[in-house]
Amino acid sequence: MSSPIRTRFAPSPTGYMHVGGVRTALFAWLLARQTGGQFVLRIEDTDRARHVEGAEQHIIDSLKALGLNYDEGPDIGGPFAPYRQSQRLDSYKRWAQQLIDSGRAYADPYSAEDMQKFRDQAQANKQPFLYRNHRPDKPPVWDGTMPLRFKSEPKAYQRIDAVMGELSTGPETIDDFILIKSDGYPTYNFAHIIDDTEMRISHIIRGQEFLASIPNYLNLYEALGLTPPIMATMPHIMAPDGKKKLGKRDGAKDVLDYIRDGYLPETMLNFIASLGWNDGSEQEIFSVQELIDKFSLDRVQRSGARFDEQRLQWMNGAHIRNLALDDLYALCAAYWPAEANQSNDNYKQQVLGLVQERLKFLAELPELTGFFFIDLPVNPELITSNKQLSKLSQEELKSYLEQAKASLEQSDFSLDDLTSRLNDLLTTTGQKPGILFSLIRIATTQAPFSPSLAETLAVLGKDRSLARLNSQINAL
RNA sequence: GGCCCCUUCGUCUAGUGGUCCAGGACAUCAGGUUCUCAUCCUGAAGAUCGCGGGUUCGAACCCCGCAGGGGUCACCA
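Take the first sequence: its letter number 48 is residue 213 in the working numbering, and every next letter is one higher.
Please note that a few of the clues may not be correct.
What the hints assert, rightly or not - Think about it this way: if two alpha-carbon atoms lie no more than 30 angstroms apart in a straight line, the pair counts; the simulated DSS-like pairs of lysine-lysine are:
(1) K627 x K597
(2) K570 x K513
(3) K570 x K597
(4) K282 x K303
(5) K552 x K563
(6) K525 x K410
(7) K513 x K409
(8) K229 x K513
(9) K229 x K282
(10) K258 x K316
(11) K413 x K552
(12) K291 x K459
(13) K570 x K525
(14) K291 x K410
(15) K346 x K229
(16) K316 x K303
(17) K418 x K408
(18) K409 x K525
(19) K258 x K229
(20) K513 x K556
(21) K229 x K525
(22) K229 x K459
(23) K291 x K258
(24) K513 x K410
(25) K418 x K291
(26) K513 x K525
(27) K459 x K563
(28) K408 x K525
(29) K410 x K229
(30) K597 x K563
(31) K627 x K552
(32) K556 x K418
(33) K320 x K282
(34) K570 x K556
(35) K552 x K570
(36) K459 x K410
(37) K303 x K346
(38) K303 x K320
(39) K346 x K291
Simulated from the structure, these hints should not be mistaken for lab results. Source: prediction; values computed, not measured.
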């Protein structure tokens, strides 16, 4: 095992978490966990305009629901508290002063209109906008009412990104960016560097949208005399059309919605990890512990991946099937149809045993199990729409049901007895299972599909099964 | 427009010079499992490895161009 890695997840509280954010958090968490290091939650709330009330709690809830527990964070504290940037302003001021003193930061005297003019000019010349082309000769003394800018020293960089590999850029990408805004809050560009340093973060994992600014950060690290942490840049998760990065506007769902629908946390982690990472084997289903053991940054994909809900659904079904029945039962508590309240645990557990291999997500439970709890009205369409049954006369149908009823009345409704009685009925009626079993199944469930007949009857029990047979007979 | 990143079945991917006229998974289709749905099993279809040059006895893998896609150029992160 390598030496302990300290990672952080540093969202800004501007809304819910979607799969893109989860993946960044997950990979950081996996690295910390596999090396016995720490995973830190830091809230980057330096943009007061975009701040959304309750978003921080929502992010915390999401991480907890997924099991991505953090060792230090705004709500639990830690050795480098506080973990909200809005509470660390003194720190940024101190480091900013150091830059001012060393001549590497200066006040920005331009108005918004000036800036817009510069930008329009650059665009008209089909040039990228560079502030340093307009660096003032004699900047005023910074009094905190103007933005404070970094005085960059443009140069080429060559660096190794833990995911992207060797990257190089020229001096033209380096610019004088804002360190402290005129409202006194730092920019992300400045604050994250200070925080990662003070919090001793060893590995920064972040999305590709920051790739272009990283050379600026390197320039700032140098100005501060700091050694940058290891950086890992994640490819985007793409919208379903594959054309652009997944965003909330493209229907990127809140991860808590998936959890609410009954997608298991381990499914979400397995699935999100598999968007851009694999261990080189043909394994598809990974437990959380396996992810921790096997994850490595150098096997993370460099290209973007699309989020495929069908694959997610398959994977959740696979994880559900892997669960012990007791564990699955505990997870299902909130998902039963309302009518199931009147049934006892033993009955519900038996029902669950029959539908476990059919469940794709827990919110499907009512749809799959309703007839175990409610006596549905006889639905003639189930017979008329059945290719084989629709060919039989009412009398024939009635006769088969009567014979079934007569036999089942003698049954103790154990699975063994039911199985043999149903088999006997095949011989006495001379019918195929496709006809006889379908008919009884429809009569006793009134559902378009159900678990296999003998098992269903055994769980439904004698009284219920016979009553439903009677209802069907009377309706014919 | 400048700069940067990316490019293998519809989708997620394996593949780091020969065992790849490219393997697995999801989805699709067909068959099997005494009935439906699902599971499970078997099979089918599906990728001229973005394109064009090179290097090499030999390239999905190395080099060079090109094209396409994406990101970025905020007092947002």
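We went through each hint and held it up to the structure:
1. K627 x K597: Since the Cα atoms of K627 and K597 sit roughly 24 angstroms apart, the hinted pair holds (cutoff 30 angstroms).
2. K570 x K513: holds, 25 angstroms
3. K570 x K597: Roughly 18 angstroms between the alpha carbons, so the hint for K570 and K597 holds.
4. K282 x K303: Holds: K282 and K303 sit about 20 angstroms apart, inside 30 angstroms.
5. K552 x K563: holds, 18 angstroms
6. K525 x K410: holds, 27 angstroms
7. K513 x K409: violated, 45 angstroms
8. K229 x K513: holds, 28 angstroms
9. K229 x K282: violated, 47 angstroms
10. K258 x K316: holds, 16 angstroms
11. K413 x K552: violated, 46 angstroms
12. K291 x K459: violated, 47 angstroms
13. K570 x K525: violated, 34 angstroms
14. K291 x K410: Distance of about 25 angstroms is within 30 angstroms: holds.
15. K346 x K229: violated, 33 angstroms
16. K316 x K303: Holds. K316 to K303 sits at ~13 angstroms (cutoff 30 angstroms).
17. K418 x K408: Judged against 30 angstroms, a Cα distance of about 18 angstroms means the pair holds.
18. K409 x K525: holds, 29 angstroms
19. K258 x K229: violated, 33 angstroms
20. K513 x K556: violated, 36 angstroms
21. K229 x K525: holds, 22 angstroms
22. K229 x K459: Distance ~22 angstroms between K229 and K459 Cα, so the pair holds.
23. K291 x K258: Roughly 36 angstroms separates the two Cα atoms, so the pair is violated.
24. K513 x K410: Violated - the C-alpha atoms of K410 and K513 are around 43 angstroms apart, more than 30 angstroms.
25. K418 x K291: violated, 37 angstroms
26. K513 x K525: Holds, at about 18 angstroms.
27. K459 x K563: violated, 61 angstroms
28. K408 x K525: Given pair K408, K525 holds - Cα atoms ~28 angstroms apart, limit 30 angstroms.
29. K410 x K229: It holds: about 26 angstroms lies between the C-alpha atoms, which stays within 30 angstroms.
30. K597 x K563: holds, 16 angstroms
31. K627 x K552: holds, 29 angstroms
32. K556 x K418: violated, 47 angstroms
33. K320 x K282: holds, 26 angstroms
34. K570 x K556: holds, 22 angstroms
35. K552 x K570: holds, 23 angstroms
36. K459 x K410: Holds: K459 and K410 sit about 27 angstroms apart, inside 30 angstroms.
37. K303 x K346: The hint holds at about 20 angstroms.
38. K303 x K320: holds, 23 angstroms
39. K346 x K291: Between K346 and K291 the Cα gap is close to 28 angstroms, so the pair holds against 30 angstroms.
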